[in-house]
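A.B. asks: Sequence:
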Amino acid sequence: MSILHTVFQSVRVRLLVIALVPMLILLPLLLGSTVLRWSGKVDDTLITKVNGDLTIANQYLLRLVENSGERLASMTASAAFRDTVDDPEAREALLSEARQRMGLDFLYLTDGQTSPNGFAPSTWPVILDALEGEWHSAIDILSAEDLDALSGGLATKAAVPLVETQAAVPTDRKVEDRGLIIHSAAPATLTGGARGALVGGRLLNRNLDFIDTINALVYREKSLPEGSQGTATLFLEDVRVSTNVRLFEGVRALGTRVSAEVRRDVLDNGDTWLDHAFVVNDWYISAYEPLVDSRGTRVGMLYVGFLETPFREAKTYSIIGIAVLFLLIATVSVPIFLRWVGRIFKPLERMTQTIEKVDAGQLEARNKPGNARGEIAQVARRFDGLLDGIQERDRQLRDWADSLERKVDERTRELQSAIHELELATEQLIISEKLAAVGEITASVAHEINNPIAVIQGNLDVSRRLLAGDLKKVKTEFSLIDEQIYRISVMVSKLLQFAKPEEYHVATESVLAVEAVSDCLLLTRHQIENAEIDVITCLESERYVFINRTELQQVIVNLMLNAAHAMANGGTLRLTVRDEGEGVAILVEDTGHGIRPEDLKRIFDPFFTTKQADGTGLGLSISQKIVKRAGGEITAQSSTQGGSCFKVFLPQENYRSAASNFQTMP
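Just so you know, we're using our numbering here: the sequence shown kicks off at 144 and counts up by one.
Read the hints as simulated data drawn from the structure, not as lab findings.
Treat the hints loosely; a few may be bogus.
Said to hold, decoys possible - Below, in silico cross-link-like pairs of lysine to aspartate or glutamate (EDC-like), each with a Cα-Cα straight-line distance of 16 angstroms or less:
(1) K790 to D722
(2) K500 to D542
(3) K458 to D187
(4) K458 to D186
(5) K300 to D352
(6) K365 to D352
(7) K489 to E507
(8) K790 to E776
(9) K184 to D352
(10) K192 to D527
(11) K300 to E288
(12) K192 to E213
(13) K790 to E723
Unchecked claim - Ranges of calculated distance between the beta carbons of each label pair, as one might list FRET restraints:
(14) S461 to S239: 56 to 66 angstroms
(15) M245 to P268: 19 to 29 angstroms
(16) L610 to E683: 23 to 33 angstroms
(17) L189 to A337: 25 to 35 angstroms
(18) M245 to L360: 17 to 27 angstroms
(19) N194 to G464: 39 to 49 angstroms
(20) D418 to L360: 21 to 31 angstroms
(21) L609 to E685: 42 to 52 angstroms
(22) E685 to R607: 35 to 45 angstroms
(23) G195 to D315: 33 to 43 angstroms
(24) A337 to V312: 46 to 56 angstroms
(25) P268 to S239: 44 to 54 angstroms
Note that the structure is predicted; figures quoted are calculated from it, not measured.
Note that the Cβ used here is the ideal one computed from N, Cα and C, for glycine as well.
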């Protein structure tokens with residue numbers, strides 16, 4: 144697609160397309176439509192011709208049928224027939240001579256009741272009309288028994304073996320033994336003046352002279368182009384019983400059958416078929432019409448047609464000739480045309496190249512048409528003037544852009560500074576509000592706890608004085624009470640230190656890392672126990688770090704609570720404090736659900752949270768700022784397969800030792 148796009152960007156290609164489309168596309172389309180229309184007209188002409196051929200064949204057949212009846216009527220009206228009415232021998236001799244002379248297969252005289260060999264003449268409309276006094280001739284079908292009754296061996300002569308034919312209606316029959324005949328009858332006077340009928344018939348099955356006569360009459364010499372061949376066929380229903388269509392060389396296609404489509408249209412529907420059709424082994428321009436017997440029933444078909452191949456080849460050769468002639472004309476004329484229009488293309492291509500150079504940044508590129516004349520040269524000079532104006536405006540725009548960019552940079556820096564200050568102020572406000580609320584709640588809780596403790600401690604002292612000598616008996620119990628009261632006091636003190644650090648510590652101080660972590664265990668013990676989390680501690684460091692104690696506790700508590708939230712169904716929390724390099728490393732590890740890689744990159748961003756409505760997204764962000772402010776670093780590692788590890792590294796405070804100050808809280 145990119146190559147085609149590049150090609151069609153060319154001025155030469157575009158102008159060539161505009162110029163050659165009428166010749167190479169529109170003209171072929173016009174020729175194609177003309178040839179298609181001409182081909183349709185040729186087909187229509189062929190159909191018209193075959194329809195005329197069918198009319199001639201039909202007229203010949205009708206005339207043959209009528210002539211048979213007329214000849215019988217003439218015979219019964221002749222003196223020779225009247226003279227032999229009362230002489231049976233003479234009459235039989237006359238009938239035998241007339242049958243041979245007329246080419247009939249049977250000829251007999253009947254009174255309507257008797258007939259040769261039991262044939263029933265009264266069942267045929269042709270004979271009944273003759274008995275009524277009018278001659279009648281029609282095409283009828285006789286069964287094999289009727290044929291043999293009328294003339295011995297006639298059924299054998301009529302029998303046609305059926306040949307399996309593609310696309311014909313399926314049939315189980317092997318032989319067509321019925322006969323298609325021209326059935327004629329004329330009124331005759333019998334002995335004693337009785338009314339009778341002279342009946343004769345001509346078998347059309349295998350009557351090759353009859354069908355060849357039709358073919359010769361319809362398709363006379365030179366009536367078809369060289370290579371074509373006319374054919375005619377008489378069908379008994381859908382079986383060819385007389386035809387000059389060849390199945391093989393010298394073998395006529397007797398016994399083959401017409402296609403189911405033609406049978407349906409002609410025999411079943413009574414229509415005339417005028418179209419090209421596949422006849423036995425080739426395509427023919429064909430015409431079929433139904434044949435009706437004396438009872439008005441469609442009993443067969445008359446067909447004429449001629450081979451389609453020569454006409455199809457003639458059309459093909461004509462189309463090829465037109466195409467070759469067009470190609471020759473195009474081959475000769477297109478180069479001449481291209482050479483003639485070359486003078487137009489060159490200046491336009493030069494303008495295109497100039498435009499491409501300007502697009503590439505060479506604003507000084509020009510067409511420079513010189514002293515050339517013509518409309519294109521005028522356009523080129525005008526275009527150069529426009530390029531001069533564009534170059535000057537581009538210089539001015541660049542100057543304005545540089546100035547605007549400097550101002551935008553200044554305003555951007557100011558805006559970024561203001562945003563940064565706003566973020567810091569927002570964070571401080573949130574922290575202050577949070578600590579204020581926690582401090583207020585913690586102070587209230589501590590006050591409520593300290594009052595009962597004071598009462599307990601006072602009553603304990605009173606109990607000691609009252610017991611006096613008996614004090615030894617409950618010394619152990621009193622010691623346990625003292626220890627628990629002390630433990631409660633320590634926990635309340637630690638909670639107050641966390642909630643209101645300004646009352647206990649300065650802004651920054653030396654803090655023993657393990658002591659701060661131990662205090663955090665006390666502060667989060669309730670949440671950890673409720674979550675059924677096992678805690679493993681490894682507190683090996685004895686170094687001090689320089690940081691606000693409460694802020695360090697805030698960082699550790701936040702990490703521990705986050706770990707507890709990640710292990711809602713229980714797990715293991717591991718706290719490690721160890722010496723590392725020039726500082727102390729505090730590790731908070733859990734066995735929770737882990738953090739997705741895409742979320743791990745953003746966990747320290749303000750307001751980013753994976754807890755939805757249960758978190759503010761500020762805990763880790765504030766923790767990172769606290770650690771960085773103390774000169775340290777906080778990092779995280781996690782896997783969705785299970786577990787996360789947060790590491791807080793703080794530089795060591797070297798001016799005092801931790802050994803003399805560390806106490807393990809109860």
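A.B. asks: Does each hint hold? Answer for all of them.
C.D. replies: Structure-based check of each hint:
Only pairs whose Cα atoms come within 16 angstroms are accepted, and K790 paired with D722 is accepted, the gap being roughly 13 angstroms. Between the alpha carbons of K500 and D542 the distance comes to roughly 22 angstroms, so the proposed pair goes past 16 angstroms and is violated. For the proposed pair K458 and D187, the alpha carbon gap of about 13 angstroms is at most 16 angstroms, so the pair holds. Under the criterion of a C-alpha separation no larger than 16 angstroms, the hint pairing K458 with D186 is consistent with the structure, at around 10 angstroms.
Between the alpha carbons of K300 and D352 the distance comes to roughly 15 angstroms, so the proposed pair stays at or under 16 angstroms and holds. With a C-alpha separation of about 21 angstroms, the suggested pair K365 and D352 falls outside the 16 angstroms cut-off, and the hint is violated. At most 16 angstroms may separate the alpha-carbon atoms for a hinted pair to count; K489 and E507 exceed this at roughly 21 angstroms. For the hint linking K790 to E776, the alpha-carbon distance of about 8 angstroms falls within 16 angstroms, and the restraint holds.
This hinted pair does not check out: K184 and D352 have alpha carbons roughly 35 angstroms apart, beyond 16 angstroms. Between the alpha carbons of K192 and D527 the distance comes to roughly 72 angstroms, so the proposed pair goes past 16 angstroms and is violated. In summary, the hint linking K300 to E288 is supported, as the alpha carbons are separated by about 13 angstroms, within the 16 angstroms threshold. At most 16 angstroms may separate the alpha-carbon atoms for a hinted pair to count; K192 and E213 exceed this at roughly 31 angstroms.
The suggested pairing of K790 with E723 holds, with an alpha-carbon distance near 12 angstroms, which does not exceed 16 angstroms. Evaluation of the 56 to 66 angstroms hint for S461 and S239 yields a pass: the beta carbon distance comes to about 60 angstroms. A beta carbon spacing of about 21 angstroms between M245 and P268 agrees with the range 19 to 29 angstroms that was offered as a hint. Here the CB-CB span from L610 to E683 is close to 46 angstroms, at odds with the stated 23 to 33 angstroms.
With their beta carbons about 56 angstroms apart, L189 and A337 fall outside the hinted range of 25 to 35 angstroms. Distance hint check for M245 and L360: the Cβ-Cβ separation is about 20 angstroms, which falls inside the suggested range of 17 to 27 angstroms. Distance hint check: the CB atoms of N194 and G464 are about 29 angstroms apart, inconsistent with the given range 39 to 49 angstroms. Between D418 and L360 the beta carbons are some 23 angstroms apart, a value that agrees with the proposed interval 21 to 31 angstroms.
Taken as a hint, the range 42 to 52 angstroms holds for the pair L609 and E685, whose Cβ atoms sit roughly 46 angstroms apart. Restraint check, E685 to R607: a C-beta distance of roughly 39 angstroms satisfies the suggested window 35 to 45 angstroms. Taking the beta carbon of each, G195 and D315 are about 39 angstroms apart, inside 33 to 43 angstroms as hinted. Separated by about 47 angstroms at the C-beta atoms, A337 and V312 satisfy the suggested range of 46 to 56 angstroms.
With their beta carbons about 27 angstroms apart, P268 and S239 fall outside the hinted range of 44 to 54 angstroms.
Comparing the model with each numbered hint stated earlier shows that hints 2, 6, 7, 9, 10, 12, 16, 17, 19 and 25 do not hold.
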